[in-house]
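Undergrad: The lines below spell out each chain.
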Amino acid sequence: MKKLLQHLGNYLILLNKVFSFPEKRSVFVQQLNIEFKKIGIDSIGIVTIISFFIGAVVSIQTAYNFESPLYPKYLIGFATRESLILEFCPTMLCLILAGKIGSNMASEIGSMRVSEQIDALEIMGVNSATFLILPKIIASLIFFPCLIILSISIGLIGGWVGCQNTGITTASYLYGIKIDFNPFYITYCLIKTTVFAFIISSVSSYFGYYTKGGALEVGTSSTRAVVYSSIIILLFNFLLTDLLLA
Amino acid sequence: MIEIKQISKSFAENLVLDNVSYLFERGKTNLIIGESGSGKTTLLRSLIGLNKIDSGQVLFDGRDFHNLKIKDKRKLRQEIGMLFQKGALYDYMTVEENILFPLTMFTNQGNEEKIERVNECLKRVNLTNSNKLLPSELSGGMTKRVSIARAIVMNPKYLLCDEPNSGLDPKTAIIIDNLIQEITIENNITTIVNTHDMNSVMEIGERIAYLYKGKLSWHGTKEELINTKNKELNDFVFASKLFKRLKK
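So the sequence lines, in the order shown, correspond to chains A and B. Residue numbers 1 to 246, in the numbering used here, belong to the letters of the first sequence in order. Residue numbers 1 to 248, in the numbering used here, belong to the letters of the second sequence in order.
Watch out, some of these pointers could steer you wrong.
Claimed, not checked - List time: in silico DSSO-like cross-link candidates among lysine-lysine, alpha-carbon distance up to 30 Å:
1) Lys213/B x Lys244/B
2) Lys24/A x Lys71/B
3) Lys215/B x Lys73/B
4) Lys69/B x Lys28/B
5) Lys37/A x Lys132/B
6) Lys75/B x Lys17/A
7) Lys73/B x Lys24/A
8) Lys157/B x Lys229/B
9) Lys71/B x Lys123/B
10) Lys212/A x Lys24/A
11) Lys24/A x Lys157/B
12) Lys114/B x Lys24/A
13) Lys69/B x Lys212/A
14) Lys171/B x Lys222/B
15) Lys17/A x Lys3/A
16) Lys73/A x Lys17/A
17) Lys132/B x Lys157/B
18) Lys17/A x Lys73/B
19) Lys17/A x Lys69/B
20) Lys52/B x Lys28/B
21) Lys123/B x Lys24/A
22) Lys28/B x Lys123/B
23) Lys212/A x Lys213/B
24) Lys212/A x Lys75/B
25) Lys157/B x Lys17/A
26) Lys52/B x Lys24/A
27) Lys215/B x Lys86/B
28) Lys86/B x Lys100/A
Because the hints were derived from the structure by calculation, they are not lab data. Values in this document were obtained by computation on a predicted structure and should not be read as measured data.
Work out the full structure, taking the sequences as your base and the hints as a guide.
TA: Printed below as a string of structure tokens:
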């Protein structure tokens, strides 16, 4: 418990250090562009592949469970849409991104810490926390929602491809994904995604920033970043769902 | 000059620096020597706030570093150049970008002017035509030279070097040592070098401070060092059979 409180205290101190004005705007914009590429552009491939196949599998499994003639076929499209928007895209994909992006952030900052590159920044008079972490947080907050919207779209396409072998017509599927649509679910999905983006970027950066030791500890920090981010995401998933939908 | 007054620093129960006071003079290479674990690196890091001290004062030409506001600390740090043990070059930047970084961060110079200054610094450390290389493509000696170039690019008043020739062959080590001394004299800056390399001590040591178990055990010139009666220092300096024979 003491250790947990210590982590929380250090995390809040770090956030306080992170949220200050960057020394030079042009350099900050440059850093932000690098992060946009690393966090956003470089994740499009994996997000597309995962979303497509998960969408396809969800629709096939739904079709398999809705074999009774009493269920209208369009329910397959409806169920695929609901599961993608409500849970799969914002939560599961963020957990996957915590593994990909979170571990990368922690190991990158951790390596800079153990090779004294962060000390070199401090000696120059640069606020290392703002310089290294703020662009990652901002890029995550901007790009994660975009990735999730992309994920929903690709997932729905995957769902359509998946249900081709289950005897459902394209018209039924399309009718299903349009019927009884509640726009608030998109808002709910984006709120969750934004919160998770902040958790992944800040928690992972925290573990990287406070790395001590050598290469082994960088690996440990990277693992911790993914584990803690995932647990906090699941906790906030429960809290936000309870707050926004219950 | 940099003056330290009664600095103490401990990590948990372990007292690493015990009431250390000393004056590092301007225009001279001030050496801190001592065995591994004697507190040299902690002292150097404490000077510039990378380690928080428990008590004492660090005065940079009269400015008490540890009592400055964060903004003023950052301003003062822009007057400090530091050479790290492993170089601490930014992996994702080329040699040119590494040296350019402080200029881009803290000056409003034009691109041409900045590149000119970078080339000037690279020429000073005898490393031309390496602008586009990445740190991973550099040898140990080249890494140290680039680090020196980055440290001096802002014309610092203070140059701190943490074991500048660790991991280098004796010939390259002497070249790096001499480079540090020449830069110190040319720019009339306060230079502090942390080392346990006796070749460095004999080559560039003008004022030497010896740390033993966190305490300042001895200080003086290299001539005085050879004839010292300090037992711990004698054991440290003349540790090898060769040096023992030479002393006899």
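Undergrad: Between Lys212/A and Lys213/B, does the CA-CA distance stay at or below 30 Å?
TA: OK: Lys212/A and Lys213/B at ~23 Å, within 30 Å.
Undergrad: Please verify whether Lys157/B and Lys229/B have alpha carbons no more than 30 Å apart.
TA: violated, 35 Å
Undergrad: Can the restraint linking Lys17/A and Lys3/A be considered satisfied, given a maximum Cα separation of 30 Å?
TA: Holds: Lys17/A and Lys3/A sit about 21 Å apart, inside 30 Å.
Undergrad: With the threshold set at 30 Å, check whether the alpha-carbon distance from Lys123/B to Lys24/A stays at or below it.
TA: holds, 28 Å
Undergrad: Taken at face value, is the distance from the CA of Lys17/A to the CA of Lys75/B at most 30 Å?
TA: Roughly 17 Å separates the two Cα atoms, so the pair holds.
Undergrad: Given the hint that Lys52/B pairs with Lys24/A, test it: the Cα-Cα distance must not exceed 30 Å.
TA: holds, 27 Å
Undergrad: Does the structure keep Lys17/A and Lys69/B at a Cα separation of 30 Å or less?
TA: Holds, at about 14 Å.
Undergrad: Lys86/B and Lys100/A were given as a pair; does the straight-line alpha-carbon distance stay at or below 30 Å?
TA: Satisfied, since the Cα-Cα distance of roughly 29 Å is no more than 30 Å.
Undergrad: Check the hint pairing Lys52/B with Lys28/B against an upper bound of 30 Å on the C-alpha distance.
TA: holds, 26 Å
Undergrad: For the pair supplied as a hint, Lys28/B and Lys123/B, confirm whether the alpha-carbon distance does not exceed 30 Å.
TA: holds, 23 Å
Undergrad: Taking 30 Å as the top limit, are the C-alpha atoms of Lys73/B and Lys24/A close enough?
TA: At roughly 17 Å apart (the allowed maximum being 30 Å), Lys24/A and Lys73/B satisfy the hint.
Undergrad: Straight-line Cα separation of Lys17/A and Lys73/B no greater than 30 Å?
TA: holds, 15 Å
This entry does not satisfy hints 8, 9 and 16, going by the numbered hints stated previously.
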